[in-house]
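There are 2 protein chains.
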Amino acid sequence: MSKGALTGVKVLDLTRVLAGPFCTMMLADMGADVIKIEEPQKGDDSRQFGPFVNGESAYYMNLNRNKRGVTLNLKHPEGKEIFLEMVKKADIVVENYRPGTMEKLGLGYEDLAKVNPGIIYACVSGFGHYGPYKDRAGYDIIGQAMGGLMSTTGWPDGEPTRTGTAMADVLAGLSVTVAVLAALKYRDNTGKGQKVDVALVDSVVASLEIINQIYLVEGRNPERIGNRYESVYPYDSFKASDGSLVIGCGNDKLFEQLCKVIGKPELAKDQRFDRNPKRVQRHAELKPVIEEWTMMKTVDEIVDMLLEAGIPAAPINTIERVVKDSHIAGAREMFVELEHPKAGKLKITGSHLKFSETKVAFRKPSPLLGQHNQEIYGEELNIPEEQLKSLKEKGVI
Amino acid sequence: MSKGALTGVKVLDLTRVLAGPFCTMMLADMGADVIKIEEPQKGDDSRQFGPFVNGESAYYMNLNRNKRGVTLNLKHPEGKEIFLEMVKKADIVVENYRPGTMEKLGLGYEDLAKVNPGIIYACVSGFGHYGPYKDRAGYDIIGQAMGGLMSTTGWPDGEPTRTGTAMADVLAGLSVTVAVLAALKYRDNTGKGQKVDVALVDSVVASLEIINQIYLVEGRNPERIGNRYESVYPYDSFKASDGSLVIGCGNDKLFEQLCKVIGKPELAKDQRFDRNPKRVQRHAELKPVIEEWTMMKTVDEIVDMLLEAGIPAAPINTIERVVKDSHIAGAREMFVELEHPKAGKLKITGSHLKFSETKVAFRKPSPLLGQHNQEIYGEELNIPEEQLKSLKEKGVI
Chain A
0 MSKGALTGVK
10 VLDLTRVLAG
20 PFCTMMLADM
30 GADVIKIEEP
40 QKGDDSRQFG
50 PFVNGESAYY
60 MNLNRNKRGV
70 TLNLKHPEGK
80 EIFLEMVKKA
90 DIVVENYRPG
100 TMEKLGLGYE
110 DLAKVNPGII
120 YACVSGFGHY
130 GPYKDRAGYD
140 IIGQAMGGLM
150 STTGWPDGEP
160 TRTGTAMADV
170 LAGLSVTVAV
180 LAALKYRDNT
190 GKGQKVDVAL
200 VDSVVASLEI
210 INQIYLVEGR
220 NPERIGNRYE
230 SVYPYDSFKA
240 SDGSLVIGCG
250 NDKLFEQLCK
260 VIGKPELAKD
270 QRFDRNPKRV
280 QRHAELKPVI
290 EEWTMMKTVD
300 EIVDMLLEAG
310 IPAAPINTIE
320 RVVKDSHIAG
330 AREMFVELEH
340 PKAGKLKITG
350 SHLKFSETKV
360 AFRKPSPLLG
370 QHNQEIYGEE
380 LNIPEEQLKS
390 LKEKGVI
Chain B
0 MSKGALTGVK
10 VLDLTRVLAG
20 PFCTMMLADM
30 GADVIKIEEP
40 QKGDDSRQFG
50 PFVNGESAYY
60 MNLNRNKRGV
70 TLNLKHPEGK
80 EIFLEMVKKA
90 DIVVENYRPG
100 TMEKLGLGYE
110 DLAKVNPGII
120 YACVSGFGHY
130 GPYKDRAGYD
140 IIGQAMGGLM
150 STTGWPDGEP
160 TRTGTAMADV
170 LAGLSVTVAV
180 LAALKYRDNT
190 GKGQKVDVAL
200 VDSVVASLEI
210 INQIYLVEGR
220 NPERIGNRYE
230 SVYPYDSFKA
240 SDGSLVIGCG
250 NDKLFEQLCK
260 VIGKPELAKD
270 QRFDRNPKRV
280 QRHAELKPVI
290 EEWTMMKTVD
300 EIVDMLLEAG
310 IPAAPINTIE
320 RVVKDSHIAG
330 AREMFVELEH
340 PKAGKLKITG
350 SHLKFSETKV
360 AFRKPSPLLG
370 QHNQEIYGEE
380 LNIPEEQLKS
390 LKEKGVI
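From first to last, the protein sequence lines stand for chains A and B. In terms of numbering that gives the first Met the number 0, the first sequence is residues 0 to 396. In terms of numbering that gives the first Met the number 0, the second sequence is residues 0 to 396.
Calculated directly from the structure, the hints in this document are not laboratory data. Treat the numbers as computed from the prediction; the structure is a model and nothing was measured. One or more of the hints may lead you astray.
Unchecked claim - Derived pair list, reagent style DSSO-like, types lysine-lysine, alpha-carbon separation capped at 30 Å:
id, chain 1, residue 1, chain 2, residue 2
1, A, Lys41, B, Lys268
2, B, Lys238, A, Lys133
3, B, Lys41, B, Lys191
Could you build the full structure based on these sequences and the hints that come with them?
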């Protein structure tokens, strides 16, 4: 098995549910030693989220593969003591509690920096650790709503629409990983640790690129325009006999090509559609003309014909099609099988980070609650067996 | 001005438009010396994308702040020679050409590794650098369609819906930044460079978390369910008198609280709605009951009342509201002003990466085409003035 890019990096993972675990999942996939610290008895809330396989949460198993797991009560004085011992040996701590929670426990960044000045302390939260809304709860839907993403997603005659995955969580998870790795580079150069603070709402705002620029420059609120694009047409979805597909004609030449394929070469010279700006303006007129042709064929037939003619096109894949796709599931290995001690063989989402030298490996399934208590507390922290037993009885671990 | 986390890291940026430039923008924001290499005369395609300020593209200016810029013709033998000289002194090369383009130029990863074995070569493309679809064009809409995101976004009675920003590009841009920084850590530890390969489609698939798991475990295609959530209700959007808002009641206690605020305390004990699973099942019945109340008030009135009662809620912000928000635009500084030599004062999107020690700084506006040719070729590569003149005449720079 190849060495991971982050082999040797030690991460303490206090995160729950999605944004934080998505970050530490990537770190673990890339070879970091991620120790997931969960509340005794209870564990990460997402252990209770379906779908389940033999009673084990696939939600949890997917996001927590490649990590080791311990239980620890951070409210107990002995729990704090053990945690600070672990911080001394760690490079990174990641948490996604409500801002102020760690400070109240006496385990905020300043406290951790006292025992390890090089520590990188990363927090993910709805609104970030400063600013007037910092204490508000920050679920994914709140990030998508407040950041402006919902206002630009959907149809002209319809409602603002939530993106169909927890996109605010995912954006924040990716973003905090970027920040943590940059902070690690700085720590390696200078010895100095720091706190990095990533918010769901900020991450959504940053994703809105040109959408923000339209308002900042022109002072107009970008409208919801369904699947088409403001500046090029046809760059939209079209209905086929068995589903939908997208076509992206970036210029007049590709449009001419498209007109040939759909058996209407005269359209390319039609005064109404011959240049891109006219097509953008008359998109509502042009779409049914193209759909007249697409509705008569299947998605796969159309995509094959268009790609052969050099016209960018793709099926609008259902998840079933994605999971069975020879490129995505096959060559790119975007779904992988793991063996879990309780769930048995299980398919999870693979890694989209492809390295030539340090290929991502799926070394172990997600931990059972407290699975590595003995290994980490007993063998690595050298806590004697008697003491471990007593810690367990007191509910510390 | 604080030092950036990536101060001292040298990046050669061959990327155009969005996914690649989003990556190098973050690297530049964090202090890396990013040299954007553009085609002589023409430059990055996005220089032609609106909206414009005094003829300068705000699209380009936003994504390319903090970078220096040179022109270079990589097809010309002397252009290649100069590029290879630059590679010798660089840490990272990022490109988002169609796979095979750099290899055809004799500038693929293997070629660059010959002159600098530690080089990190990062590529972003629609489908990645291997697999049966690698040669297909990969626009954002194609990534969103093929990766499955569109199939899960939208309304039960409506069409698959594109997320209203170039989300596939943004996800790939964030993801390649994660991979590059991990590869940098590995290079610092071992001296070995490598190629990292990130695809838009893979990045979309990775973002679908629980959506993929539903199919992988239960064998069912997740349906489009608008703004609500499969397992909790009310966690949805609601219409107010002047717009829409979202409410997230994660448990029975919060629902009871909500019922009090809307003046219908009896609802919380109603056999139809008293437990969360019943509310999920009867969501279509419950939504209008809540909207009867929300429709009578403004978004801001409702959000204030709900937050005061401890119920997670947020406005569905238009971009105008985001840009004027005291938390997002104010405390979190998500919009910043830059002075551009041609466009003048200009507002762009700020950075969502908040560091305590290495605060992101906006040191310079995006480069004019070839703005730093003299500085980089003349002063840093020591190419004599006579030769620079001749290179310019030959169209090499």
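Each hint tested on the structure:
At most 30 Å may separate the alpha-carbon atoms for a hinted pair to count; A:Lys41 and B:Lys268 meet this at roughly 28 Å. A C-alpha spacing of about 25 Å is found between B:Lys238 and A:Lys133, which places the hinted pair at or below 30 Å, so the restraint holds. As the CA atoms of B:Lys41 and B:Lys191 are separated by approximately 35 Å, the hinted pair breaks the 30 Å bound.
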